[in-house]
Amino acid sequence: MKEVFGQILLYIRGAWRFRWYALALSWALAIAGWGFVLTMPDVYESTARVYVDTDSVLRPLLNGLAVNTDVANRVNMMSRVMMGRPNLERVARETDLYLRAGNQEQMEQLVTSLSTQIKLEGGGNNNTYSIRYSDNDPRMAQRVVHTLLNTFVEDTLGLKRQDSDSAQKFLREQISDYETRLRDAESRLAEFKQRNAGMMPGETGDYYARLQTSGEALETLRAKYRLANERRNELAKQLEGEEPTFGLFADSTANGGAESGQIAEYKRQMDALLLQYTDRHPKVVALQETIDQLQAQQKAADKKKRATAVPRDPKDAAAFALDVNPVYQNLRIEMSRVQVELAELRQQIAESEGQVTMLKNRVSSIPETEAEMTRLNRDYQVNKAQHQALLERLASARLSEQAETSTEQVRFRVIESPAVPLLPIGPKRGLFMTAVLFIALGAGVALAFVMDQLKPVFLSRGMLGTITGLPVLGAIRFVSPTKPLPLFRRDPVLVGAAGAALIATYLVTVVVAEQASRIIHSIVG
Amino acid sequence: MSIIERALGKLQQATPRGEAATLPGIRRGRHDPTVTDTVTTVRPKRLPTETIEVSLDMLRKGGVLAPEEHMHALIDQFRRVKWPLLQSALAGDTADSKPSNLIMVTSSVAGEGKTFTSFNLAMSMAREADWSVVLVDADVAKRHASEVFGLQDRRGLNDAIQDNSLDPESLVLGTSIQGLSVLPAGRKSSTAPELFASQRMVDIANTLAAYDSRRIVLFDSSPLLATNESQVLSKLVGQIVLVVRAEVTAQPMVLEAVSLLEKTEKVRCILNQVRASRMTEYYYEYGYYPNDKP
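Line by line, the protein sequences give chains R and G.
Counting from 1, one number per residue, gives the positions in the first sequence under this note's numbering.
Counting from 1001, one number per residue, gives the positions in the second sequence under this note's numbering.
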């Protein structure tokens, strides 16, 4: 213990050599520090108190889970809601706080500092929170709190609305989408109907009926044809059975007269027909055939006659006579007529068959069309149904929004509006100045010790012996050649006085800190 | 015991001369006119020399003596200091045959109190009945000791060095203080410093030593780090006393000065101007442990 004490004394003794340096440093630091503290600008704090039913705010966030009643948690979540970065950025902009930042980086720092400096407290059972913010400018402090509050109010109230807004937006988009689809479906349907007119489900009866009619017509025609055919056959038979009682003369005039009379007759008929029809008409064609036939016959007969100018055999004469037989002629006329008819009928049958075939084809494709029709219809119906549903949803969303906003107001209330503080809350100058004092004194002492370590001397015979390694004869005590100084001029006293002066200055400065700082501020500006 | 016998012997020797039989005292008063020109002789070899008047006031003025009120303590302290020195002086020549009654008082730098120490040491030794002291001012540059006595212009060491024929003993002056004689620095010379290293110096030293084995030759020399002379001188003497001023002289300096001295020398230290209260002195001893007590 003694050794330790001795050591300590040695250190003190050694440091004492540099007492004036220590004092100088202490004074310098103290003056500088106090000066700085006095020039520190006042800090003002603005407070707002609000009542928030946090559950109402947090419920959408918690999404139906059990609401945690832990207060700290609630405050936490509240502050996250309130002081999210975009929020704070907005606050910084609206309060012109951002004017203090020079560049992007400083802006970021500003926002970060905001998030730490804005204090949100409370959240007890009564759901009251207080929001505090301090700043050198009292007006700015108030502005920040005020803006934050406003932002929060808008945000939380708007939270729900925003949600339903977005929902409604979504619905509206969907609705317009479906409208488009609906229109498309309609137009497709219409086009389809247009394309397949008469084949529509309601109208298909027509086709079947037509098919039937056509079939019947065809049958009729065929029947007619058969009849006509039979008649022709009959006629043919009859024609062959008739004995030729007609003139034997190979003179063609009577024959020719009869035939040519026939031909002329036919030609007259042909002319009449040609007035009505083209030469493609079956009747015309048939007639032409007949005429040609007759003409050919006549030619052949003429040839024959000429070939056998002599009186012919009775066959020829018979033939010839046949030619002028009016019954025969009638038969022949009848035959021609029937042939024409047949030709006609053949044409008609062909036509009818064609029609029937066509109708048959058409008819067979009706089920396809029907199916297509059904599909398009269904499409349309489905779209329509969706569209309707969306419309209903939109209506209901609107309703619910209105219902909720009307009750929202109650869940948030500002109890105390942030005011522009008149009196500063800080800085705690007294505290700082005391700290400065201690630091100054400490620094001074430290300096003395350090200097002692840097310039070591011998303080005791023991030290001398140990460090030099030589034997020490003894220690001679200091003898002052002159009279000792009076007490008040002795070093320890002086040093003590200097130290005491320092402390006295400190006390005085602390007392007048506020006034002094004000004066300094008015000078510095 | 032997000291008393010797003292009696002196008396007996002195008595036939017809002088007043007085025990050798510390000092003779300045009022005694008979003393000014005579020197009490102890040995027959002693040559008649001059004696100078020395008063305590003179010494105080010179700054080598403490005021009255501190004298007692000072005397006490120096008494303690001198004993080891005297003991060693009795031991005869050192291992490397240097006379151990040659003691050099030096320091690392100036202003540590060499002269002060030399004077007080000399005075303290002079008080010894068995011993006498010749204080040699070997600080030929500063010559403080000579100045104190007012002998700065007198012939002294310098002269003896330069003049081979000069017997150093003849330059030694007696003082009114019993047992104390002085050899001044001598007249200023530019060549003397170099001559310090010469054989002549060795001879002078030896001569001084040989005169009386009971006479301490105390060299008040210059600081070791200041000049070369003390370093040279250190090789000639049997004992070295290193004066260190407390709280002022930097440790490295002292260590450097020590390094200039040969390891075979008998070097011892004195811590001078220690400022202390009783309490701190009590505790000081325990700041460090001295590793060797004389």
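These aren't lab readings, by the way, just hints derived from the structure by calculation.
Computed from a predicted structure; not experimentally measured.
It is possible that part of the hints are untrue.
Restricting the straight-line Cα-Cα distance to at most 20 Å, the calculated cross-link-like pairs of lysine to aspartate or glutamate (DMTMM-like) are [as the list claims (entries may be wrong)]: (1) 193(R) to 370(R); (2) 267(R) to 289(R); (3) 283(R) to 353(R); (4) 455(R) to 1093(G); (5) 1188(G) to 1153(G); (6) 455(R) to 1256(G).
Going down the list of hints, with the structure as the test:
1. 193(R) to 370(R): holds, 11 Å
2. 267(R) to 289(R): Answer holds: residue 267(R) to residue 289(R) is near 11 Å, not above 20 Å.
3. 283(R) to 353(R): holds, 19 Å
4. 455(R) to 1093(G): violated, 39 Å
5. 1188(G) to 1153(G): holds, 8 Å
6. 455(R) to 1256(G): Given that 20 Å is the threshold and the Cα spacing comes to 15 Å, the pair holds.
Comparing the model with each earlier hint shows a violation of hint 4 alone; every other hint is respected.
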